[in-house]
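Residue numbers (my numbering), protein chains in the order written: chain A, 3 to 491; chain B, 3 to 491.
Keep in mind the hints are simulated off the structure, nothing from the lab.
This one's a predicted model, so the numbers in the text were calculated from it and none came from an experiment.
A portion of the hints provided could be inaccurate.
If several chains are the same, the list does not tell them apart, and a pair holds so long as it fits within one copy or across any two.
[What the hints assert, rightly or not] Restricting the straight-line Cα-Cα distance to at most 30 Å, the calculated cross-link-like pairs of lysine-lysine (DSS-like) are:
| hint | residue 1 | residue 2 |
| --- | --- | --- |
| 1 | K178 | K209 |
| 2 | K381 | K30 |
| 3 | K13 | K381 |
| 4 | K294 | K14 |
Spelled out, the chains give:
Protein chains: 2
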Amino acid sequence: MQSDSIIDKIKKLEKHVLALEGTPTTRKMIQGKIQAYCENFIQNLKEGIAFNAIHEDACGFYDYPICENGYSLDEVLDLFDRSVDKPGLNAASGRHLAYVPGGGVPTAASGDYLAAITNKYAGVFFAGPGAVRIENQMIQFCANAIGYTGNYGGNLASGGSVANLIAIAAGRDAHKIKGANYHKTVIYGSKHMHHCVDKSIRITGLKECIYRDIPLDDKFRMDVGILSKQIKTDLSVGLAPFMVIASAGTTNCGVIDPVNEIANVCEKFKLWLHVDAAYGGLFCLLEEEKAKFKGIERADSIVVDPHKALFLPYGLGVALVKNVEHLLKSQFYEADYMQDAIENRNEISPAELSPELTKHFRGLRMWLPLQIHGVAPFKSAMREKLLLTKYYCDELRKINNIRIVNEPELSIFAYRYEDPSKSKKENNSINKRLVEEIHRDGKVFLSSTTIEGEVCLRIAILSFRTHLFEIDLAINEIKTKLGAMTINS
Amino acid sequence: MQSDSIIDKIKKLEKHVLALEGTPTTRKMIQGKIQAYCENFIQNLKEGIAFNAIHEDACGFYDYPICENGYSLDEVLDLFDRSVDKPGLNAASGRHLAYVPGGGVPTAASGDYLAAITNKYAGVFFAGPGAVRIENQMIQFCANAIGYTGNYGGNLASGGSVANLIAIAAGRDAHKIKGANYHKTVIYGSKHMHHCVDKSIRITGLKECIYRDIPLDDKFRMDVGILSKQIKTDLSVGLAPFMVIASAGTTNCGVIDPVNEIANVCEKFKLWLHVDAAYGGLFCLLEEEKAKFKGIERADSIVVDPHKALFLPYGLGVALVKNVEHLLKSQFYEADYMQDAIENRNEISPAELSPELTKHFRGLRMWLPLQIHGVAPFKSAMREKLLLTKYYCDELRKINNIRIVNEPELSIFAYRYEDPSKSKKENNSINKRLVEEIHRDGKVFLSSTTIEGEVCLRIAILSFRTHLFEIDLAINEIKTKLGAMTINS
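Full structure from sequences and hints, please.
Next comes the structure, spelled out in structure tokens:
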């Protein structure tokens, strides 16, 4: 009787729960409408703006709080359109030429969809052997690109920041840095290091260490002479140099620190070399670009972001460690089993090399596009971006009073308007206004930065949707806005 | 001339790059085939097995290395089917009754798809105001469920492990724990604490602190009397108690530590209370279950996993901190701007409260299902799982020599076969064999654990696809396998 009553209750609830699964018809309808929305979104990208500064519409949510029975899909998609899609930056647009543009190759979205429906557990080999092998294959792909061979290990993290965190923690543990010695332990970085590396230092507890901000040379790269001298000075007063953090390329200027020379210094003084190559590293896939990264394979740890140079949607950064044992020591949980894990390294599991246990099977968003398209169009896209950058730079030079602040090494560089008859302060405010005018328009999205007290514009060309058309638009915007400002001034 | 030559090269590359975008037709074809695959996958779940121990097929990848021009989608999906989908655990199956089962509500997959195509940047308010508001709304939803009000803050992390990491770091920074004092700083946890919390302690550098493994009471909950006594002892010898980590519920037994009593102790001794409620916390959405979690809202930090009790695909854990200032102090980058950020906390950005900067817009995989279905069917599903657990337990009691190791509080509990005429060792090996037999079959997936030296079976009922049918299957499997083993022995 009691049991029957439970069964009745369970059966009644079961019927209600089926709404979460839907039927073949409702599933087709729902995903069909979402795909139609996405198709429309893609088709409007070419003509649409890249930035919409008006935020009011993003308040639409307050009219749609989470409620007991939900809303119609049409209402929900309309709300999404008005309140999420329209306001702010359109990171998917080829006209988004600031920060590092977001990718969003459609087949990667299909990969996310497939991963979420099948929900394969990619954390541990035993549970999802194929899923783990896919992730390991993607790590191998990145490792081979930058030149790691042998006993390396890696992890597909949720982005460059967590990948940097994994690498910094591995360095800390490999060098057995202890709390009692933080005050005399020294970390070296450059002025143009990405701030997420500093956040990683803080999260791992290393913020108490001494941090040396090594100045840049005239090409905005870490000055290796100063680095070397600083290490010697630190050693001479009894401090303990520990880690050097280099960038390839930097966020501000897209330049590559002289990794090989830094590696020489690290080797000499037995320091952990970490290279944040989140933005630049995967350009190593191009044979002709490899020389720029000379020595990167000597780094103890490296970060590369497939959601940057492989044009995937936001959410995939890769931590690579030259010696997998350092990564295992830092992340493996059951130390007793470590030996076996190292012996069977072909089948090492992501959970053994990362802070994550249960996670999105994110290898699929990279594997599916690479399997369907092959590497060739990705390489073509990278080559195209490098040429577009050169072209943009050439065109800028033709504009009166534009100065190229740094020669582009990859697809990011800084430039600025500089009227010789005006003060630095006046020129700074002209550059600020120029960016504001471009933002107001929203046709293309460019950002500014400050380098040595000078306000600069900065372009980052790395969307697979950025072609000649978009670059010509950007050049035209600069010319038009500058023209208007000059006439008005 | 030079410029023409660049333009020619760019245009030639552009044509090749268009493969990454595809055309409306190819996009429709590709996502259509993937959806058809997924539809077939969903329809086979009811009849299909939950575990396939044969791993050989997962080697299929070695025949499909990443290559220049890719493979046909049919080949790729066939490879996926053989090598990823089939081997190992089927986490999407309602017959997966071990660990904490993976969800995978189909509308969440649509959310991932929409997020990946539109690629909205959800890290910073300025860039994606609507996207950030969606994430904040999801945090609010979780915070309200567990009873936080006022000045809390939170982050949608990639899973429970990273969410725990964020919370532990916030506690460390709020209490200004310094490296020089690690050796006298004390952290308290229980024997059934999830190991990812220990990993977080290691990543944050706190592994050098003293860790006290507080024993469990007879209901497998942290023994508050012993905790209190231990803190007093530690204080009396000059140590510095810092943090208590409680669980709601535990991985092994699904029980909830006596949070309110632990909160009293923490309040008295001014300790940071962290509650890992990754598995259990969202059961607070059910009014009738709230009493079990009494005091949880007094915790300084809490983790809840929507990819568990909200049945979403793997990849979403939420860190909640009672006082957002603690989270900002730990994760905000530009300290100068912190005051403004706190003042405008309605529009606080995820990047200010987490290690991540660029990230998957994962709020959408939670928001879309909640908007489309409403909360009601999610609550029904949770209620159904609780009743199914009670039913399973009742049915187990009817089987000869089965002992319920812990009374279920939520939807996880442990039980074991125990023949009084046999030794503990003999009974242990019977339980081991029982699990092996069930695995060999794969019809349902159950796992084992060891509690106080006794090998137990453990069920975790938390798939939205687990209904009466699947639970009856599991009961039947236990009966059949035990019967066969008893006859043979």
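Quiz prompt | Hints violated by the structure (numbers, ascending) | solution = Violated: none.
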